[in-house]
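Position 440 of the sequence shown, counting from 1, maps to 440 under the working numbering, and the rest follow consecutively.
Hints in this document: simulated from the structure, not taken from any laboratory. A couple of the hints might just be wrong.
[What the hints assert, rightly or not] Now the in silico label distances, taken between C-beta atoms and shown as ranges: (1) Ile-110 x Ile-634: 27 to 33 Å; (2) Asn-605 x Asp-550: 22 to 28 Å; (3) Pro-339 x Ile-110: 52 to 58 Å; (4) Asp-360 x Asp-401: 22 to 28 Å.
[Said to hold, decoys possible] In silico DSS-like links for lysine-lysine, alpha-carbon gap of 30 Å or less: (5) Lys-489 x Lys-201; (6) Lys-641 x Lys-603; (7) Lys-45 x Lys-35; (8) Lys-4 x Lys-45; (9) Lys-45 x Lys-201; (10) Lys-603 x Lys-327; (11) Lys-4 x Lys-321; (12) Lys-363 x Lys-327; (13) Lys-321 x Lys-363; (14) Lys-355 x Lys-321.
Being a predicted model, the structure only gives us computed values, none of them experimental. Glycine is no exception: its CB is placed at the ideal position from the N, C-alpha and C atoms.
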Amino acid sequence: MSPKQLEDMYDAVIVGAGAAGLSAALGLLRSPEIKRMEEDGITPKILVVSKLQPLRSHTGSAEGGIAASLGNIESDDWHWHYYDTVKGGDWLVDQDAAKLLAEYAPETVINLERGGVAFSRTEDGHIAQRRFGGHTREFGGAPVRRAAYAADRIGHQILHALWQQCVAAGVTFAEEWYVTDLVLAHDGARAAGIVAFDTHKGTVHAVKARNVLFATGGAGRLFHTTSNSWDLTGDGMALALAAGLQLEDVEFVQFHPTGLAHTGILLSEAARAEGGVLRNADGEAFMERYAPGHADLAARDVVSRSIMAEIDAGRGVADPKDPDGPKDCVWLDMTGIDPAHMRAVLPQVVETIEKYADIDPAKDPVPIKPTAHYTMGGIPITVDGQVYRWHGGDGNGEARDGSREPVEGLYAAGECSCVSVHGANRLGGNSLLDACLFGTRAGRALAARIAAAPVDDPMAGDDSDVRGADETRAQAVDAAAGERERELKELLTPRDVTSDPAPQATDGTERSADDNPYRLMAELGAVMERAAAVRCDAASLETALHAIDDELAPRATALAAHDGIAAFNQEITAIWEVRHLIALARAVLAASDARHESRGSLKRNDFPRRDDERYLAHSMTDAAGRVAWQPVHIVDVPPRKREY
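Full structure from sequences and hints, please.
See the structure below:
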């Protein structure tokens, strides 16, 4: 679906149609400011742009639950949820943001239910809840049932409900449009709009807007083994870097402990919440040694590192599909769960195991290994979704005095952003909550800006300042669109592959000069897997950076499409995607190299301890790999040793 026509100027363009983008659109349209505008006869001009049809957004793959202290099964308190979030993030969480997350979580879940989300139910009709890793009662005590769920398809339920509400509200979508540029005006101080490629028609569009919100999802495709769909290529984060912005805490990439062996497909944490147990080659339920009292439901970074420790110690197992292959897995034993109950509450997990591993989980253990799952860092935002630049705190990991410079009219929400409620490690159930809650807040903040100066304001008259600002925006977007059109023509011009030298890959083998983006993505994923999957050190990071700079990046620059037709040419968007991944990989490696400590999901073998004296700070990394440091917002939970 494409808009019948593009407006000359939009009040707001939202990029991304997952939980965060759709929540932002609904938060905007349902705000009192927009309601008053509409009562006055002014209709806001809003466009939601998505590289996918919205119902294919990655939100739909979220399985286990959304966290909220509803207390439907046992007593709970949002203050406990707040503490668990701070502790789970290894104290790199901005505590003012985490308080909002925990306090307004019940309201968020109840509003989702009222919007049509079909949650699983208790016998007395309340929203059902289950245990999830790292969620406790009484500030780190016994585990608590806090994750509201819909069998193991909660993301599917939320995505469909939000999309239906947006359709009912009359939201205009530009579906399967790929955003190629974030355009800023006034020396990068103000949002001007976006440039987008209509994959159906093969045309480039200049989309002008007074406000832009990015909700483009994560970047799991940086790694070979990932639970993320093929579309999570870090586009929004890479476009922010290209526009001269920074990324916050981008070195923290969460590996989910239970990816189905050698597919990366996620087996929900709910499998362990319902009684699944991790076992090593000796049959030992080893997690009790690493996290007494929490065992298999400790925080995800703890469980992933524990699995890798067992494998490193020689207690790993081989994938039964490759019995002579590497012993780089452990077992997920679900045989203790009642088979009927398993199929009732874990239908997607069971179906995945049966289909992709040819195993009956009620009878045999399942091989698993950690899989890249979630990007904790991203575009830096305030609690109202406003994107900003950080000035100050340069060098040596010491957070110094500095200031936030807001980018006027630019917002972000969801996994591509960093409000820093996840810190160095996200607790299960907090991602959907983050996307819905802070997406809604960003939408409401957008609404206030739009109501103050709507595009169709009949009272604006001939305001020269407003007209001049819009002209500047339009010129900037048109110029960027012109550059992108010229590049598109180049990409559609076939290269003479017979005269080009065959590039050498990092493993020394020769590659065909007839290169393609899919091969490059696979090689980049392998490079990142060796360098930074679960653990890293200076040598592995340096090797990866050299591989990217010396081989992968030049090859990406030289890519061209194999077909000269732009319409429905997936290779065109794949070329842009691999270039985005390469830019993002550089930032991830630079930030990882700059942080000389181990914290949360970042395990440095050469710096095994957490260093609060120097690194209790957010990394702020730009496109050149320069890293500045911003202090963490500590409110009332002082750092302490993190134990489970």
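Tested hints:
A C-beta distance of roughly 30 Å is found between Ile-110 and Ile-634, which places it inside the suggested range of 27 to 33 Å. In this structure the supplied range 22 to 28 Å holds for Asn-605 paired with Asp-550, their Cβ-Cβ distance being about 24 Å. One distance hint, 52 to 58 Å for the beta-carbon pair Pro-339 and Ile-110, is violated here, with the actual separation near 33 Å. A beta carbon spacing of about 60 Å between Asp-360 and Asp-401 contradicts the range 22 to 28 Å that was offered as a hint.
Taking the CA atoms of Lys-489 and Lys-201, the gap is near 14 Å; set against the 30 Å cutoff, the hint holds. In summary, the hint linking Lys-641 to Lys-603 is supported, as the alpha carbons are separated by about 16 Å, within the 30 Å threshold. For the suggested pair Lys-45 and Lys-35, the alpha carbons sit about 14 Å apart, so the restraint of at most 30 Å is met. Annotation: proposed proximity of Lys-4 to Lys-45 holds, straight-line Cα distance about 13 Å (limit 30 Å).
With a C-alpha separation of about 23 Å, the suggested pairing of Lys-45 with Lys-201 holds against the 30 Å cut-off. Proposed proximity of Lys-603 and Lys-327 is supported: the alpha carbons are some 21 Å apart, at most 30 Å. For the proposed pair Lys-4 and Lys-321, the alpha carbon gap of about 50 Å is over 30 Å, so the pair is violated. For the hint pairing Lys-363 with Lys-327, the CA-to-CA distance comes to about 22 Å; that is within 30 Å, so the pair holds.
Taking the CA atoms of Lys-321 and Lys-363, the gap is about 17 Å. The hint holds against a cut of 30 Å. For the proposed pair Lys-355 and Lys-321, the alpha carbon gap of about 13 Å is at most 30 Å, so the pair holds.
Figure legend: structure checked against the earlier numbered hints; hints not met, in rising order: 3, 4 and 11.
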